[in-house]
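**Student:** Since chain X is already given, all that's left is putting chains F and B on it; use the hints.
Chains X, F and B, in that order, are what the protein sequence lines are. Taking my numbering, the leading residue of the first sequence gets 3, the next gets one more, and so forth. Taking my numbering, the leading residue of the second sequence gets 81, the next gets one more, and so forth. Taking my numbering, the leading residue of the third sequence gets 38, the next gets one more, and so forth.
Be aware that one or more of the hints could be misleading.
In silico contact screen, one side only, chain X against chain F (beta carbon under 10 Å); selected entries [what the hints assert, rightly or not]:
1. Thr99
2. Thr130
3. Tyr153
4. Trp174
5. Met187
6. Pro211
So, partial list: chain B residues that the calculated Cβ filter (under 10 Å) puts toward chain F [unchecked claim]:
7. Pro274
8. Asp276
9. Ile277
10. Leu284
11. Phe359
12. Gln366
Derived from the structure by calculation, the hints contain no laboratory data. Every residue gets a Cβ at the ideal spot worked out from N, C-alpha and C, and that includes glycine.
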Amino acid sequence: MSVDQEKLIAELVEKGLSGDMDSINAIEDRVLRSKAKSALAKAKRAAKVATKIVPSEKKTLEVSIDDKQPSDNLNQKIGHMIDKKFPGSLDSELNDTHIQLKPDQWFDIAQWLKSEPSLHFDSLQCHTGMDVGDEKLEARYNFHSMTHDHYIEIRIAVPRDNAHIPSIEQIWRIGDWFERETYDMFGIFFDGHRDHRRMLLPEDWEGYPLRKDYEVQETYHGIAIPKVKEGWE
Amino acid sequence: MGVVHGEQMVLNIGPQHPSTHGVLRLKVKTDGEIISEITPVIGYLHRCFEKHCENMTYDQVIPYTDRCDYLAAMANNFGYVVAVEELMELKVPEKVDYIRVIMAEFQRIASHLLALGVYGLDIGAFTPFLFMLRDRERILDMFEMTCGARLLYNYMWVGGVSHDLPKGFVETAFQFLDYFEPQIEEYNNLLTYNKIFIERTADIGVLPPEVAISYGVSGPNLRASGVKWDLRKNAPYSIYDKFDFDVCIGDGGQGSLGDCWDRYYVRMLEVKESVKILRQALAQIPKDGDVHQAIPKKIRPPKGSIYSRTETPRGDLGFYIESDGSPIPTRVKMRSPAFTALAVLGELSEGWMMSDVISILGSLDIVLGEIDR
Amino acid sequence: MTVDLLFSWLSSLTSTIEDSSILLLVAIIIPCVALFLVMAVNAIVMVYVERKVAAFMQDRVGPMGQGVGLHAGKWGLLQTVADALKLLTKEDIIPEKADKFLFILAPFVIFIGAFIAIVAVPFGETVIVADFNIGIFYILAMGSLGVIGIIIAGWSSNNKWSLYGGMRSAAQIVSYEIPAGLSIIVIIMLTGTLSMQGIIEYQSGGMGNWIIFANPFAFIAFLIYFISVIAETNRTPFDIPEAESELVGGFHTEYSGMRWSFFFLSEYANMLVVCAVAAAGFLGGWHSPIPGYFDSNGWGIFWMLSKIVFLIFIMMWFRWTFPRLRVDQLMNVCWKVFLPISLINIFGVGVWTLIFG
Numbered sequence: 003m004s005v006d007q008e009k010l011i012a013e014l015v016e017k018g019l020s021g022d023m024d025s026i027n028a029i030e031d032r033v034l035r036s037k038a039k040s041a042l043a044k045a046k047r048a049a050k051v052a053t054k055i056v057p058s059e060k061k062t063l064e065v066s067i068d069d070k071q072p073s074d075n076l077n078q079k080i081g082h083m084i085d086k087k088f089p090g091s092l093d094s095e096l097n098d099t100h101i102q103l104k105p106d107q108w109f110d111i112a113q114w115l116k117s118e119p120s121l122h123f124d125s126l127q128c129h130t131g132m133d134v135g136d137e138k139l140e141a142r143y144n145f146h147s148m149t150h151d152h153y154i155e156i157r158i159a160v161p162r163d164n165a166h167i168p169s170i171e172q173i174w175r176i177g178d179w180f181e182r183e184t185y186d187m188f189g190i191f192f193d194g195h196r197d198h199r200r201m202l203l204p205e206d207w208e209g210y211p212l213r214k215d216y217e218v219q220e221t222y223h224g225i226a227i228p229k230v231k232e233g234w235e
Numbered sequence: 081m082g083v084v085h086g087e088q089m090v091l092n093i094g095p096q097h098p099s100t101h102g103v104l105r106l107k108v109k110t111d112g113e114i115i116s117e118i119t120p121v122i123g124y125l126h127r128c129f130e131k132h133c134e135n136m137t138y139d140q141v142i143p144y145t146d147r148c149d150y151l152a153a154m155a156n157n158f159g160y161v162v163a164v165e166e167l168m169e170l171k172v173p174e175k176v177d178y179i180r181v182i183m184a185e186f187q188r189i190a191s192h193l194l195a196l197g198v199y200g201l202d203i204g205a206f207t208p209f210l211f212m213l214r215d216r217e218r219i220l221d222m223f224e225m226t227c228g229a230r231l232l233y234n235y236m237w238v239g240g241v242s243h244d245l246p247k248g249f250v251e252t253a254f255q256f257l258d259y260f261e262p263q264i265e266e267y268n269n270l271l272t273y274n275k276i277f278i279e280r281t282a283d284i285g286v287l288p289p290e291v292a293i294s295y296g297v298s299g300p301n302l303r304a305s306g307v308k309w310d311l312r313k314n315a316p317y318s319i320y321d322k323f324d325f326d327v328c329i330g331d332g333g334q335g336s337l338g339d340c341w342d343r344y345y346v347r348m349l350e351v352k353e354s355v356k357i358l359r360q361a362l363a364q365i366p367k368d369g370d371v372h373q374a375i376p377k378k379i380r381p382p383k384g385s386i387y388s389r390t391e392t393p394r395g396d397l398g399f400y401i402e403s404d405g406s407p408i409p410t411r412v413k414m415r416s417p418a419f420t421a422l423a424v425l426g427e428l429s430e431g432w433m434m435s436d437v438i439s440i441l442g443s444l445d446i447v448l449g450e451i452d453r
Numbered sequence: 038m039t040v041d042l043l044f045s046w047l048s049s050l051t052s053t054i055e056d057s058s059i060l061l062l063v064a065i066i067i068p069c070v071a072l073f074l075v076m077a078v079n080a081i082v083m084v085y086v087e088r089k090v091a092a093f094m095q096d097r098v099g100p101m102g103q104g105v106g107l108h109a110g111k112w113g114l115l116q117t118v119a120d121a122l123k124l125l126t127k128e129d130i131i132p133e134k135a136d137k138f139l140f141i142l143a144p145f146v147i148f149i150g151a152f153i154a155i156v157a158v159p160f161g162e163t164v165i166v167a168d169f170n171i172g173i174f175y176i177l178a179m180g181s182l183g184v185i186g187i188i189i190a191g192w193s194s195n196n197k198w199s200l201y202g203g204m205r206s207a208a209q210i211v212s213y214e215i216p217a218g219l220s221i222i223v224i225i226m227l228t229g230t231l232s233m234q235g236i237i238e239y240q241s242g243g244m245g246n247w248i249i250f251a252n253p254f255a256f257i258a259f260l261i262y263f264i265s266v267i268a269e270t271n272r273t274p275f276d277i278p279e280a281e282s283e284l285v286g287g288f289h290t291e292y293s294g295m296r297w298s299f300f301f302l303s304e305y306a307n308m309l310v311v312c313a314v315a316a317a318g319f320l321g322g323w324h325s326p327i328p329g330y331f332d333s334n335g336w337g338i339f340w341m342l343s344k345i346v347f348l349i350f351i352m353m354w355f356r357w358t359f360p361r362l363r364v365d366q367l368m369n370v371c372w373k374v375f376l377p378i379s380l381i382n383i384f385g386v387g388v389w390t391l392i393f394g
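Just chain X, same shape as in the assembly (with noise of 0.2 Å):
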């Protein structure tokens, strides 16, 4: 983009966000009414963000592992014996849905997860991101037991700006073309990852979008790209 354009995008935006809509629309480049366009609603949206911004309560684990009950929860024992097998590894309690881990550990978990007799999870079921909020990108991994046919959830909170957890594509295969989407979607690097390439979007495209956060970006190859409605009431 020129800077000419830019600034003239700018001056429009100003018009825009003052109520003044005509002068955008009444842009003869079709590419560059929307280029215009989307950065008026980018910069409205920014405005809402700003006034919305909370501040997060700082959790603590309040109840040390070892005092708790032992539980019949697969997600509770397996947490344990975690949490046994490498100390600080946990990042939050345990509890009945999934266990929370600290990215740090995570390959030397992962293999131990599988490698163990009595948990041996050789099926990664399901892999996938989460935008979960207050500025963190979660992962989250389905592993199942085909010997023993149990089933556990782990969750890997990282921050959103240096979002980086080890890769296990090289104990599960198919963590390979499920790491990739992830990355593909939500921008979570995934270090030791022999392939580390988009999935499913162009090697050019720009940004993640299943971030929530995410805005689409206005052209591709000098195509303008049309705007999507804005949710459903």
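**Tutor:** Chains F and B in isolation, oriented as in the chain X frame:
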């Protein structure tokens, strides 16, 4: 035997190619006819399914699931509504369960018939394809009779189904099954035990069970490798625990365990098992009863997440749904069986010949709508 | 034969013309035009028959029409005409990067190969354009001209699929020439002549005298010949050079419209030629199966044509029933099965003739 290595050629199979089963591109490095490396490139059919879901209510997602695996739309509907109901801890009336199972099994037959027929087409046999499509057409007629649509049904809703079974459906279904069962023999005679077909598929693209599990391959592809794993049996959802049927596994009947022929034949056997389930379900279905569970207009599942799996014709279809208590899902992730099946292609086809790659790809029975979502 | 007859007939009509060379020219051109018509009609009929045969085998009805207007005529009889019109009016696309001269040349080479082979095919006792004394050898030689056209087409398209198709067909056709040729040798050993009419004359006197029933080795030779020529004409189960599920269209991927239809035309012409050789060489040619029964001159054409059509029907039957072989399996069948059997066959026929002949 001495092997002469010439210059490698990079060949693009697709995105427009008769046997890529959709818009798939395979970047292939070949040495003459021998394939040395194969990289699938996907995303040509990406329609932002998961992003769309974050802007719609739970009900509005259902038509989109149809369009993912467009050859087994009923099974996808089923998978999604089961997941949402599990999240809501909702029990549906018994009749609804029966209707869903009947539809899902008919869909399995229809989908397998297409898979088998198209596989024949990939190998070069044209006639079995049309024979199988002829019979698939009758199943689609029954779907049309039920909900008015032939390909994309939007039939199963959260808490029920859109319409009750029409008058005379059960009789029509029995008539079809009586007609259809002998046809399986005809397919076997025409294609399955054809010498050339066996030559082309047996011992080709052998998928060992450990590799299959590591790649998350599921459904008929996994069972062909000798792993007895079927969610309908191992983790029954809906009312599958009420029916008596076998889980068919490959046995390396014509070559080695887990080859293309096994993958083909397991599907043929599964069609027979589906007929078995259908006969039981059609006989047991309750005559009266409501086909809608009373649920609020706007579905608001409780806060939480669920990963629910169902067995579609292509394998384990997983839906990971995260709800924040609002009528709009925070995240819907679809773990599609064809995605994992395609991931294994690179490993399966290295070292085989050009024609074998087509035969391996066909035997995995992928649907690009589901892979790209 | 026919040329001589025509020439003498023409000169008896026009005794006023002194220069006989013009008459000779006319006498040559007339059968050529007739042959061209035979090929065109053959293609038109065969396309229709192929569609209908395929349809009936696949539980369909095939091309149909209500006989109203140009709606493909009654029973879809105008289907091929409509096809031909479509092909004629299609845009003629030559790829930018193709070798234009060779690209244009290739269909003609293939077509000429099929066309000149038909010259020596006998359709009746006197209906043959040129009865060479080396007729069968000539047909074999001209029949393999087509492969040059296929390689040219595959190479000049500058397309990887076409190249694959061209290379595959080169390997395939050249290989299958050998078992086909060795099976023909069985005929030559029995009849002692290379002339097509001579071979057919040998088989006069009913079905029992046909070469296919002469001895068990001849029967095997017929089977090998028939399977080999299916491979030579690129029909399923040996259609790997144009395997549409693998190579898109093989050597004719880049061709469209009329240029493409030349490939089509020559495929059917080739089928006609090879089936005519099989009919003449093994099935008694224009002889009636029962001696003295419908065995007059006019019936000869009928018997010959019906034998050819029967064999072509079997080829179609194969095509709509069988899957396709892989390229290395194809070569295995040729070199490891057909070639040894053909050689043993020749030996066997020799011994047989020595003992029972």
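**Student:** For each hint, tell me whether it holds in the structure or not.
**Tutor:** Here is how each hint holds up against the structure:
{"no.": "1", "hint": "Thr99", "verdict": "holds (7 Å)"}
{"no.": "2", "hint": "Thr130", "verdict": "holds (4 Å)"}
{"no.": "3", "hint": "Tyr153", "verdict": "holds (8 Å)"}
{"no.": "4", "hint": "Trp174", "verdict": "holds (6 Å)"}
{"no.": "5", "hint": "Met187", "verdict": "holds (7 Å)"}
{"no.": "6", "hint": "Pro211", "verdict": "holds (6 Å)"}
{"no.": "7", "hint": "Pro274", "verdict": "holds (6 Å)"}
{"no.": "8", "hint": "Asp276", "verdict": "holds (7 Å)"}
{"no.": "9", "hint": "Ile277", "verdict": "holds (7 Å)"}
{"no.": "10", "hint": "Leu284", "verdict": "holds (8 Å)"}
{"no.": "11", "hint": "Phe359", "verdict": "holds (6 Å)"}
{"no.": "12", "hint": "Gln366", "verdict": "holds (6 Å)"}
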